[in-house]
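First to last, the sequence lines map onto chains G and P. Letter by letter, the first sequence follows residues 1 to 273 in this note's numbering. Letter by letter, the second sequence follows residues 1 to 337 in this note's numbering.
The hints are simulated quantities; they were obtained by calculation from the structure and are not laboratory data. Even for Gly, the Cβ is constructed at its ideal location relative to N, Cα and C. Among the clues, some could well be false.
Stated by the list, open to error - Sample of chain G residues lacking proximity to chain P, with all beta carbon distances greater than 10 Å (derived):
#1 50
#2 134
#3 135
#4 161
#5 233
Unchecked claim - Per label pair, the in silico range of CB-to-CB distance:
#6 64/P with 140/G: 47 to 57 Å
#7 67/P with 54/G: 55 to 65 Å
#8 50/G with 37/P: 14 to 24 Å
Said to hold, decoys possible - Covered by chain G, according to a simulated footprint, are these stretches of chain P (three or more residues, beta-carbon under 8 Å):
#9 156 to 169
#10 299 to 309
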Amino acid sequence: MTFDQSLFLYLSALALGAQAAGFARHGGSSSFGLEGVMLLGGLAGLLFSFLSPWLCLLIAGCAGMLCALPLAWASRRHPGHGVLTGMAFNGFAAALAMILARVSGGVHYSRRAFSLEFGAVTLPLFVPVTLGLLLLSRIFLQHTRLGLRLRLGGAAPEAAENALIRPSLARYACLLCFGFLGGVGGTAGLIALGSNWTLQYGLGGLGFFALAAARPGRKHPLTVFLAVLFLSLLCAGGDCLSPLFPAVPPEVFRLLPLLGALLCARQRENKGN
Amino acid sequence: MKNNGISYPLRRLLSAAASLAAGLSAGFVLMVFIAWKQQGSLAAGLSAAFHGGLLPLLTAGWKNGVDSLLSSAAAVMLLGLSVSFAWQGGLWQLGGPGFFALGALGAFFGFSLGLPWYVCFVFACAAGALGGVIPGLIKSKGRMHEGYATALMNWLCLWSVQAIGKSSPFPEISPLPPRWLGWGGALALCLLLMVFLKCTLPGFEIHLLGRDASVARWAGVKEGKKALLILTVSGMLAGAAGGWQLISGQLTALPGPAFALTGLGLHGLAAAALALGHPALTCAAALLVTLLSSGAGALDQNLFPPETGEGIIALILFFASILRVSAHFMREGRDKA
Numbered sequence: 001m002t003f004d005q006s007l008f009l010y011l012s013a014l015a016l017g018a019q020a021a022g023f024a025r026h027g028g029s030s031s032f033g034l035e036g037v038m039l040l041g042g043l044a045g046l047l048f049s050f051l052s053p054w055l056c057l058l059i060a061g062c063a064g065m066l067c068a069l070p071l072a073w074a075s076r077r078h079p080g081h082g083v084l085t086g087m088a089f090n091g092f093a094a095a096l097a098m099i100l101a102r103v104s105g106g107v108h109y110s111r112r113a114f115s116l117e118f119g120a121v122t123l124p125l126f127v128p129v130t131l132g133l134l135l136l137s138r139i140f141l142q143h144t145r146l147g148l149r150l151r152l153g154g155a156a157p158e159a160a161e162n163a164l165i166r167p168s169l170a171r172y173a174c175l176l177c178f179g180f181l182g183g184v185g186g187t188a189g190l191i192a193l194g195s196n197w198t199l200q201y202g203l204g205g206l207g208f209f210a211l212a213a214a215r216p217g218r219k220h221p222l223t224v225f226l227a228v229l230f231l232s233l234l235c236a237g238g239d240c241l242s243p244l245f246p247a248v249p250p251e252v253f254r255l256l257p258l259l260g261a262l263l264c265a266r267q268r269e270n271k272g273n
Numbered sequence: 001m002k003n004n005g006i007s008y009p010l011r012r013l014l015s016a017a018a019s020l021a022a023g024l025s026a027g028f029v030l031m032v033f034i035a036w037k038q039q040g041s042l043a044a045g046l047s048a049a050f051h052g053g054l055l056p057l058l059t060a061g062w063k064n065g066v067d068s069l070l071s072s073a074a075a076v077m078l079l080g081l082s083v084s085f086a087w088q089g090g091l092w093q094l095g096g097p098g099f100f101a102l103g104a105l106g107a108f109f110g111f112s113l114g115l116p117w118y119v120c121f122v123f124a125c126a127a128g129a130l131g132g133v134i135p136g137l138i139k140s141k142g143r144m145h146e147g148y149a150t151a152l153m154n155w156l157c158l159w160s161v162q163a164i165g166k167s168s169p170f171p172e173i174s175p176l177p178p179r180w181l182g183w184g185g186a187l188a189l190c191l192l193l194m195v196f197l198k199c200t201l202p203g204f205e206i207h208l209l210g211r212d213a214s215v216a217r218w219a220g221v222k223e224g225k226k227a228l229l230i231l232t233v234s235g236m237l238a239g240a241a242g243g244w245q246l247i248s249g250q251l252t253a254l255p256g257p258a259f260a261l262t263g264l265g266l267h268g269l270a271a272a273a274l275a276l277g278h279p280a281l282t283c284a285a286a287l288l289v290t291l292l293s294s295g296a297g298a299l300d301q302n303l304f305p306p307e308t309g310e311g312i313i314a315l316i317l318f319f320a321s322i323l324r325v326s327a328h329f330m331r332e333g334r335d336k337a
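This is chain P alone, in the form it adopts within the complex (with noise of 0.2 Å):
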């Protein structure tokens, strides 16, 4: 189980630090290129940025305490379960946000009919799933690139809602549900998830697909059909991101196209490659993403604009994307050795 001298879970792990170490690195400098521009001089630039910017960065998320970054973080760890659960099956699932929206416009609509929280909630996720199946449809049927369906599919969601949102009043959402039933909900998902992909056929068959697609097809596994069930799925767990979000009352909005780029639909494809599609490293990563993203909103709101930290977060997935992929792949360079 070696490569190189180094195992396998450890590479994970050194891949994941090192990403995260080079985000935050390449977010420093931009927030010393922000305080420069702001402060007249780069050591008043370069003081400003570490004191007024990564320390806030790093410590704010934990001075909230862990009740409220749990539930923070439960839209985060659906968002990446649901990119995570696509890429076992080997597809890219980039409709996030748009999957988001579509579930918060479900929960919505069923608060509109004055319907309890979780019938909203099963409203959500069932317009979600809704969402996924026509970039299923069009990726098992017209064999488009799932990646380029999804997307679009992402903007055609984000829009729809808009126009929705703006037409209709906001309900008011009570009673809420119990804070802890988001994570506790999501953690339950990601353990159905596991099981589902380790103990059962179509799991086994959606890993396969992951892993090699030419050896599925030969054993028999329908790939249109395992990627409409996949990217349903997918879409179903971001629609239940949207959902909570609404129902736990942390939406004050529908969401719009600007949720299509940044947003949590960002941080859910950050959480998801810095865990490498694994479930519960996912819910791991996604607890980290949260907390970055919460000591974002600490940052010296005289020195640096709001979009600070998610051009960070947007960093880190980048270089996640680079290492980590590069990890992935020296382990399947090993399998097949």
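Extracted from the complex, chain G is given alone in its bound form (with noise of 0.2 Å):
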């Protein structure tokens, strides 16, 4: 995979992740459940890939929307207590994964199926996706009727109650938006990893980078995508400075977009304070 396409496909990934994060943050949850959601959508969406991609990335919204539900259910009961309900969910999905990935005799895909070719340019297909959904997802949380009732539900419910909007609806519908984003980014997500990455790993802490990238952009959507294009970059291009240099082990590349999150966690809380 060449280094322009592995980074589209991050940062389609991180992007959607992060805005999956922001729709949880808006309906009052947490989204430590993120990296769990993203695995077992995409890995649902790659599972179908027979089909057209375009119905592979409607499955892979659906699925996530169906792991969201169980986490809306815990956080209604329990909002603060979404840390521990999280990282149950990343577990039960990894274990989840390589039982599917077993059952149904392993994940087989193209990538070119994935792929908008004009002329001599090959562009990932989640590069419209990711844009229109990231579109879509700004002017229903910022411009409509519907999207502001959710903000409020989640930001305010007592509020939200005395203007006659259920908050327990209103954090549904922000996690199962949450699910919808999470699955596709998923789907980017697996296919940026590459066929010969092992399930075992999960996304490789993928979900966590989205979380990362979506804390510095609490204030603007663009310091959001400035953490998701630092972020992907150092992804990407680990993934292609692994093969020129034989001697150093991978992992060592896998090691820095984890401190390039560390960096983009930190800085926000510092600007907050």
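Put the two chains together into one complex, using the hints given.
Pasting the structure below:
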């Protein structure tokens, strides 16, 4: 895979993951289960890769929504303890992903099917999909009546109840959007990690990178984009540099985005304070 | 001491039993699904899931004997204690597997130098503590949520340890320490932690931070310093678990990223969640989780993939995180009232 294709795929996965985390935050829920939602949603999409790629993405999104339902149920009961439920879900998702991959005889897909060709230029299908979904999310959340209601339900549940909005419904709706975006992003993430990737490693922490990227951008979407771009460059750069330096273990290149994610997540808090 | 007619200890016990029952029921549904897919019919799948799945899961762990069970549970106890200790201070420690791997690396380094096992164990504890210091410092200085810091540290440690493990030969480990020392040490550490939390000033401050951070701040507790202490001790306990696994010959290779989401780290988290962060109950819950994971090894290999047991333990953790936390907050509500 060329550097630009890898970069676009990581960019799509992380941008969609970060937007998903944004939806969870708007709904007043924790998004620690993002890694698991992305893994199961992405895997479900790739298991149906014999269908049209658009249908695959739809399946991935729906599977992500299905995965987000138990998280929404848990967060409705105890919104402050999504960390533990999220980690439990991540563990379950990793085990279930391996079981599903074994039972269905492995994950087989063609990366070419998820590409768009414009003459000599080949662009991953995820680029227009990500742009469209991000734009739609932004318009929906910031410029529609329903979006305002969802944000109010998460930010100020008591005020929302006074305005005859049911906060629990708003939370469910936000987490369903979280699941859809996470599922589609997970498909991009799994394709970016390549066909040799072992599902034992889950998504290798991509969900946590997306969470780290979403943290600096609470104030403005541009900061999210910059964080996502930075982390995607580190991920794609690590993947492309690894074969050029056979003497260096490939795991060393996996450390780059992790260090970047630690830096990203830390910056926001310093700015905030 | 009653809430809705049920005393708090009974409520804890009931919710632990409910989370176990809910987790096992959901796990049985998962096994039926897998067996149905393999056998072709629902009736055959149900029968196979019961005889080849649920029964061995619940009974096989007992067959190896109590000594074997306790030996296998030592690492889970220590990992559970590391999560529980952080929980007592109101922090989420999600980097257990990473610190576990660092501890194993510390012991590995000691054995490579030809040092005796007890010095290697000290190396393991130091390596785990060093791993815990980093998120502790980030939490105390940078004020990042400790969940993110420890989760990212988890992956960082696991990838690093795998990179080192691939390039170095695994040392010969002999002589092995007595097996009882693992679980005996874990129980002694549990007792020590309980005494520390109940009878010392720093312990009381940690306990206060866990119960109500704003009151602790008002009382002059230095939150940053305590977070550093909590995460360092927590890392040390997880490192001790990794070191013990290697020293006792239960590890044949250094742990890698496959440990990040499943494996012993998940078992430790499940034990701590079932016990609601109580050190003594964590040890008891660790025995239960080890029993289930030993039982998972006896599942019908032709039907169930090896990850089935991990999925069931994750389900138990999921339900425990909802039901047990529910019991905990009912108590807090009562206390505040």
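Comparing the hints with the structure gives:
1. The beta carbon of residue 50/G sits about 18 Å from the closest Cβ of chain P, which is more than 10 Å, so the claim that it is off the interface holds.
2. Every C-beta of chain P lies more than 10 Å from that of residue 134/G, the closest at about 23 Å, which supports listing it as non-interface.
3. Every beta carbon of chain P lies more than 10 Å from that of residue 135/G, the smallest distance being close to 28 Å; the non-interface claim holds.
4. Its beta-carbon lying about 20 Å from the closest one in chain P, residue 161/G satisfies the requirement of being farther than 10 Å from that chain.
5. With a least beta-carbon separation of about 18 Å from chain P, residue 233/G lies farther than 10 Å from that chain, consistent with its non-interface assignment.
6. For the pair residue 64/P and residue 140/G, the supplied restraint of 47 to 57 Å holds, since their beta-carbon distance comes to about 56 Å.
7. A hinted range of 55 to 65 Å for the beta carbons of residue 67/P and residue 54/G is consistent with their spacing of about 58 Å.
8. Hint check: residue 50/G to residue 37/P, Cβ distance near 18 Å, so the stated range 14 to 24 Å holds.
9. Proximity of the region 156 to 169 of chain P to chain G, defined as three or more residues with a beta carbon under 8 Å from a beta carbon of that chain, is established by the 7 residues found.
10. Check result for the region 299 to 309 of chain P against chain G: holds, 3 residues qualifying (beta carbon to beta carbon below 8 Å, three or more required).
Against the hints set out earlier in the document, no violation occurs for any number.
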